[in-house]
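Student: So the chains spell out like this:
2 protein chains.
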Amino acid sequence: MLSSKTRLFLACTALLAVAAGSLVSAEDTDMAMLERARGVFKPLPHTMHVDDYPHSAARVELGKALFFETRVSSDGRMSCAACHNPSYHGADSLALSVGVHGTKLPRNAPTVFNTPLLVAQHYGGNRATVEEQAYKALLSPLAYGNASFAEAESKLRAIGYGESFAAAFPNEVEPVSAENWAIAIGAFERTLLTPAPFDKYLKGDINAISKEARLGADKFINMGCAGCHNGSTVGGNSFQKFGITEDYWLATGSKEMALLKGRDKGRYHDTQKEEDTYLFKVPQLRNVARTPPYFHDGSVAKLDDAVRVMARLQLGQKISDPDVALIVAFLDSLSGEVPAQFATAPVLPVSGFENNKN
Amino acid sequence: MLSSKTRLFLACTALLAVAAGSLVSAEDTDMAMLERARGVFKPLPHTMHVDDYPHSAARVELGKALFFETRVSSDGRMSCAACHNPSYHGADSLALSVGVHGTKLPRNAPTVFNTPLLVAQHYGGNRATVEEQAYKALLSPLAYGNASFAEAESKLRAIGYGESFAAAFPNEVEPVSAENWAIAIGAFERTLLTPAPFDKYLKGDINAISKEARLGADKFINMGCAGCHNGSTVGGNSFQKFGITEDYWLATGSKEMALLKGRDKGRYHDTQKEEDTYLFKVPQLRNVARTPPYFHDGSVAKLDDAVRVMARLQLGQKISDPDVALIVAFLDSLSGEVPAQFATAPVLPVSGFENNKN
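For the record, the sequence lines run as chains A and B.
If you're matching positions, the first sequence starts at 1 in the working numbering and goes up one per residue.
If you're matching positions, the second sequence starts at 359 in the working numbering and goes up one per residue.
Quick caveat, the hints were computed from the structure, so don't treat them as lab data.
Since this is a predicted model, take the numbers as computed values, not measurements.
One should not assume that every hint holds.
[Stated by the list, open to error] If you anchor each label on the Cβ, the simulated ranges turn out as follows: (1) A/162 x B/695: 18 to 26 angstroms; (2) B/506 x A/241: 37 to 45 angstroms; (3) A/56 x B/531: 21 to 29 angstroms.
Virtual Cβ for every residue (Gly too), placed ideally from N, Cα, C.
Just chain A, with the same shape it has in the complex (with noise of 0.2 angstroms):
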């Protein structure tokens, strides 16, 4: 907190800024934008691992085969990979994913980069860690649709992954199991960092992005977006209401999609609680403009207008073109390259897989 003097030196020292005008050099105008972003954003951290789910070369190795996997679904075509696809930097280009069977997902998916930095998987943050997420997609019917754990460990047994599990979980009576999938899949997932332009320039290389760049990550802080999207991962760490200052199904292009199946409710689907009724986590922004389209529903197809919208609907500002622009050039420097370990396919295990007879 601030003391009252200190608020007085500061107001004085911006007034006197502004009446200096020329006199301010543009380098001092660029440390100051510089100051703001880092008030606001971090730079990626170098590691995603946690005590909690500790790693190894070979958990890694072996996550990465069982994020491409897709023997242990039960239409022996899903895999972490079908939502998480390389070739759409992580996320799939749809706008509601399609799960095992074919069937329609409620919601779009995110891009899997970064996403154990976020405070909870799944726009209604039903899942708390990566792990979580991965452990319970076995037995969920829109995902891998196993009837139960045992089935989804038998299934890892015949295709022949015994091996790999007992490298990465060595000692275990039984390392074949649906928990050190989990936490296989998750090490893979936490090696998914994504550094981007946006970090070399929060780390002081001013020139990393261009000046579009620099003033739209400004005009980002001062419309007031970086309340909600802030921090390391540029959002993602808090759930708000998708719709502040106006209905969002009814603003937006989502219009028919209410209309025909109701409103998602957000997080009030997984909590029951009223006060939970339309809220989402905020997204990460990070490679955002890598991910279209936009929303937990894939209503809006352009990064531009996805801008428009949220200035309109959560801050109740409508922003000009010139600013949009600025805030899409922000955006953009937010995106990094797809992690080599996730371009290359593995080579998975070869058998005769007796049940895949699907």
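Chain B: place on chain A using the hints.
Tutor: Then chain B, alone, in the frame of chain A:
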């Protein structure tokens, strides 16, 4: 043609060799086996490109992107790579493949590797080239499920492939076309050669494959397998009846399928000619050890069982377990590596694709 004098000389030489017995050195035997192998098999060629479908680096690059592109399909999830997956050696590991909207396909997906060398595409041979296969897949209700080529072309434009098509097909008035989609995908597929240890062997490096594999190749020839499975792709160059000495559907695990769905009449479905009943393209055996399950219906899970079924139903022979092991060793020597350009996922165009509100 050999003169009768020469034949007599060769016959005598053979008799002498047999009489000499232990005088024939191991090296002579090795060379004789290699010569026999060279009589029926050929190394893979260096290229699969043909003048009919001229290619360029830009075409191959575009073709790779299109191979992995899902947004052209009617459910937004189907691509060539769905059934021809880098993690499963260019196949999908399933008995029967799964098409668009989760529909079950009637047959097993073969590996895509080396397929431009085959006599035709599909088990019934109803596609003359890989290009024709890619072209017609756009409209197949089991593959991409588009209502018209115009629909597919419009999706390609909306996704943002205009420039890539223009680069790959310069000087064309409208480069984005279903025909060019097919030519580009074909150009990529024509790079997917998988040279294997057996090729080195054929070129004279005796120890490139194990002794068991060499003996297995000889056994494969002597038993008659090579009557159909020959040439550079060890099969794939003719159509043959499935079940010559015994009825396939009665003799194998496909009984149930025959009762439930009727028998797959193979090429008859494509030609409507009685003489084509139960005729199927002889599969190539390159990478067969890496691409279970086996046969057009994926009814057999293990390679050794597949060898036994073939010996029984095609040659009327009961084959000993040691001989099965030798032949499996030979077949394993036909496995090549997944081509690097296939294992690395392309980064696909990012676009707010308005049409994919699937």
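Student: Next step is simple, just say for each hint if it's right about the structure.
Tutor: Hint check:
1. One distance hint, 18 to 26 angstroms for the beta-carbon pair residue 162 of chain A and residue 695 of chain B, holds here, with the actual separation near 24 angstroms.
2. With their beta carbons about 43 angstroms apart, residue 506 of chain B and residue 241 of chain A fall inside the hinted range of 37 to 45 angstroms.
3. With their beta carbons about 57 angstroms apart, residue 56 of chain A and residue 531 of chain B fall outside the hinted range of 21 to 29 angstroms.
Going through the hint list in order, the structure does not satisfy hint 3, though it satisfies all others.
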